[in-house]
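K.L.:
Residue numbers (numbering that gives the first Met the number 0), protein chains in the order written: chain A, 0 to 312; chain B, 0 to 312.
For the record, the hints were derived by calculation from the structure and aren't laboratory data.
Please note that the accuracy of each hint is not assured.
You can't tell identical chains apart in this list, so a pair holds if it fits in one copy or across any two.
[Claimed, not checked] Okay, derived cross-link-like pairs now, DMTMM-like style, lysine to aspartate or glutamate, Cα gap no bigger than 25 Å in a straight line:
1. K186 to D249
2. K241 to E223
3. K273 to E85
4. K273 to E84
5. K60 to D72
6. K311 to E271
7. K311 to E213
8. K273 to E213
9. K311 to D256
10. K311 to D268
11. K170 to D72
12. K273 to E283
13. K79 to E283
14. K120 to E283
2 protein chains.
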Amino acid sequence: MNQPQTIAIIGSGAIGSYYGGRLAEAGHDVSFLMRRDYSAVRQGGLKVTSPDGDFTLANPKVAQSSEEIGAVDWVICALKATSIEEAQELVRPCVSTNTRILVLMNGLGLEERFAEWFGSKRIFCGLAFTCINRGVPGHVHHLAYGPVTLGHFQNDPNELESALALWAQSKVQIDASPSLLHSRWEKLCWNIPFNGLSVTAGGITTDLIVGNPELRNMARSVMEEVIEAGNADLAAHSEDAKIDRIAVIDRMFGLTDTMGVYRTSTMIDFAEGKAMEVEAIFGEPLHRAQSLRVATPRLALLTALLRTLNSKR
Amino acid sequence: MNQPQTIAIIGSGAIGSYYGGRLAEAGHDVSFLMRRDYSAVRQGGLKVTSPDGDFTLANPKVAQSSEEIGAVDWVICALKATSIEEAQELVRPCVSTNTRILVLMNGLGLEERFAEWFGSKRIFCGLAFTCINRGVPGHVHHLAYGPVTLGHFQNDPNELESALALWAQSKVQIDASPSLLHSRWEKLCWNIPFNGLSVTAGGITTDLIVGNPELRNMARSVMEEVIEAGNADLAAHSEDAKIDRIAVIDRMFGLTDTMGVYRTSTMIDFAEGKAMEVEAIFGEPLHRAQSLRVATPRLALLTALLRTLNSKR
Chain A
0 MNQPQTIAII
10 GSGAIGSYYG
20 GRLAEAGHDV
30 SFLMRRDYSA
40 VRQGGLKVTS
50 PDGDFTLANP
60 KVAQSSEEIG
70 AVDWVICALK
80 ATSIEEAQEL
90 VRPCVSTNTR
100 ILVLMNGLGL
110 EERFAEWFGS
120 KRIFCGLAFT
130 CINRGVPGHV
140 HHLAYGPVTL
150 GHFQNDPNEL
160 ESALALWAQS
170 KVQIDASPSL
180 LHSRWEKLCW
190 NIPFNGLSVT
200 AGGITTDLIV
210 GNPELRNMAR
220 SVMEEVIEAG
230 NADLAAHSED
240 AKIDRIAVID
250 RMFGLTDTMG
260 VYRTSTMIDF
270 AEGKAMEVEA
280 IFGEPLHRAQ
290 SLRVATPRLA
300 LLTALLRTLN
310 SKR
Chain B
0 MNQPQTIAII
10 GSGAIGSYYG
20 GRLAEAGHDV
30 SFLMRRDYSA
40 VRQGGLKVTS
50 PDGDFTLANP
60 KVAQSSEEIG
70 AVDWVICALK
80 ATSIEEAQEL
90 VRPCVSTNTR
100 ILVLMNGLGL
110 EERFAEWFGS
120 KRIFCGLAFT
130 CINRGVPGHV
140 HHLAYGPVTL
150 GHFQNDPNEL
160 ESALALWAQS
170 KVQIDASPSL
180 LHSRWEKLCW
190 NIPFNGLSVT
200 AGGITTDLIV
210 GNPELRNMAR
220 SVMEEVIEAG
230 NADLAAHSED
240 AKIDRIAVID
250 RMFGLTDTMG
260 VYRTSTMIDF
270 AEGKAMEVEA
280 IFGEPLHRAQ
290 SLRVATPRLA
300 LLTALLRTLN
310 SKR
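Assemble the whole structure, with the sequences as input and the hints as a guide.
P.N.:
Pasting the structure below:
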């Protein structure tokens, strides 16, 4: 196998614990920065249920501060996007000259922040199409499975190889993205309509969106706004990649039609009274659309409603 | 004074009880069709608090069926718009050859139904810009006050005189509308943005809409859609009256800026878990806009969200 790498998981919620756990399972030397689950995992290990196979890490490395972990080969930052302002301070103690950083977070404009803080060349992004929940402390439930799309911030294919190698022995299915910005926007083509409507319609699952002709039609109209904004943003960044309108709409609805009673991440935050990732998933795409003079009235309305709902969290 | 009239109030909620009470106070012979408050009012009378003067009807005529009331000079139908399908049956026993009907309900397309059932010539409309709540049974609280705009379904000025005469001795401030459809749409210029956003932003008062730059701007964008749809609908009905865009926007925001912590009627229904008047206030205006090919993306999104929220009531 490839050389085992030292890895720091910054933000060991459901996503960080699951993917960090898979990398530890594959033989890497993984340290988890933990808050809520620190004591439980230290005493009882990390237990994961998954359709790709359950596993337990009996005695994982856990830490309560990034300084305890120190410099590593790879930082995987899986904080919620609402914690972006804390990310620099939490990540820095784990970064030395050759450290690479994989941003495993939802939304737009996050890698740009990491690139400002730590330089562009070491920044990677992972887009997880999945559903993972935390159970009682120390337990993580991986429910729905899809690939993780990996990209390099500068779309450097040689750099991307190093990220693919990291995951090569793991059970995680990986897709390589030749254009990170294109992949980000494609994921937003799903997240903006479905996360947005699932919350503003009162906290509903996605089957109720695709199964209701009016909401399905509205989800499609919102998606068309995102496609137009995304293509304008890609053009503004001199990216050749373009979102194929019909193909993406067909794929996103085809996917959602098979997903059953699915709770979007934003809807879970809403239902649990937690802060929703509004700026990264909605606010930054809206800001870019408005700067590029793309009309996005539905995205603007969803964003205004979600910001107001979020202000009461 | 003018000849006292016999009046049946069909739907004696807050609105019906208040305005019926004012007409009784002015000397008319008013019968109230009551459900929830029947026993309380029969025993203890109807008590009204109001900035225009508190009053009590010690022994008002109350009935549990329209047949008990029988034919009258004026029927005032103050049902919730969600009960429109029951209106014909509830009103008919009170209608004889010369009976006039005043529809005191929110939304678009209601007079048309009464005109189908009872003929156009006898149909009037009252638009109440007010805030009235029910307290404990037998108590009504009139909080905010504005005029009631009266119009005739066919805009016949002679007919309209009869409606103005009805209210002449009352303490209710009346405005005469030369174009009922125009007045309906003007009221929707307020109700659609403010009722819509107050619910979908999580159940907020209107001061939080006008006081938040993003929501204020969104309310204005929604209002512009309503103005455009209204003007197209007025033109389609060969009405000369036109909504003056700038004047209406200025007036509606000026009004709302002075209203303080105001709960819209739809927001009150939402907060109390009751059926919201979605079809009359949102669905029918949207339907007309779409028939006339006026782009109303924000109205469409609000309507879809409100219908979904309403389906859980």
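K.L.:
Does each hint hold? Answer for all of them.
P.N.:
Verification of the hints:
Within a single copy, K186 and D249 get their C-alpha atoms as close as 14 Å, which meets the 25 Å cut-off; across copies the closest is 41 Å, which misses it. In the homo-oligomer, the alpha carbons of K241 and E223 lie at most 25 Å apart inside one protomer (13 Å), although the nearest pairing across protomers, at 33 Å, exceeds that limit. When the C-alpha separation of K273 and E85 is checked against a cutoff of 25 Å, the pair qualifies only within one copy, where the shortest distance is 17 Å, while the shortest distance between copies is 42 Å. In this assembly of identical chains, the alpha carbons of K273 and E84 lie at most 25 Å apart only when taken from the same copy (17 Å versus 41 Å across copies).
When the C-alpha separation of K60 and D72 is checked against a cutoff of 25 Å, the pair qualifies only within one copy, where the shortest distance is 16 Å, while the shortest distance between copies is 85 Å. Both within a single protomer and between protomers do K311 and E271 lie at most 25 Å apart by alpha-carbon distance, with minima of 13 Å and 19 Å respectively. For a Cα distance limit of 25 Å, the shortest separation of K311 from E213 across copies, 16 Å, qualifies, whereas the shortest one inside one copy, 28 Å, does not. Taking the shortest alpha-carbon separations for K273 and E213, only the inter-copy value of 22 Å comes in at or below 25 Å, while the best intra-copy value is 28 Å.
With identical chains, the CA atoms of K311 and D256 are at most 25 Å apart between copies only, with a shortest distance of 22 Å across copies and 32 Å within one. Taking the shortest Cα distances, K311 and D268 sit within 25 Å of each other both inside one copy (12 Å) and across copies (20 Å). In the homo-oligomer, the alpha carbons of K170 and D72 lie at most 25 Å apart inside one protomer (20 Å), although the nearest pairing across protomers, at 80 Å, exceeds that limit. Within a single copy, K273 and E283 get their C-alpha atoms as close as 20 Å, which meets the 25 Å cut-off; across copies the closest is 36 Å, which misses it.
In this homomeric assembly, K79 and E283 come within 25 Å of each other (Cα to Cα) only inside a single copy, at 15 Å, whereas the closest approach across copies is 41 Å. Only within a single protomer do K120 and E283 lie at most 25 Å apart by alpha-carbon distance; the minimum there is 23 Å, versus 55 Å between protomers.
The structure meets every hint from the earlier list without exception.
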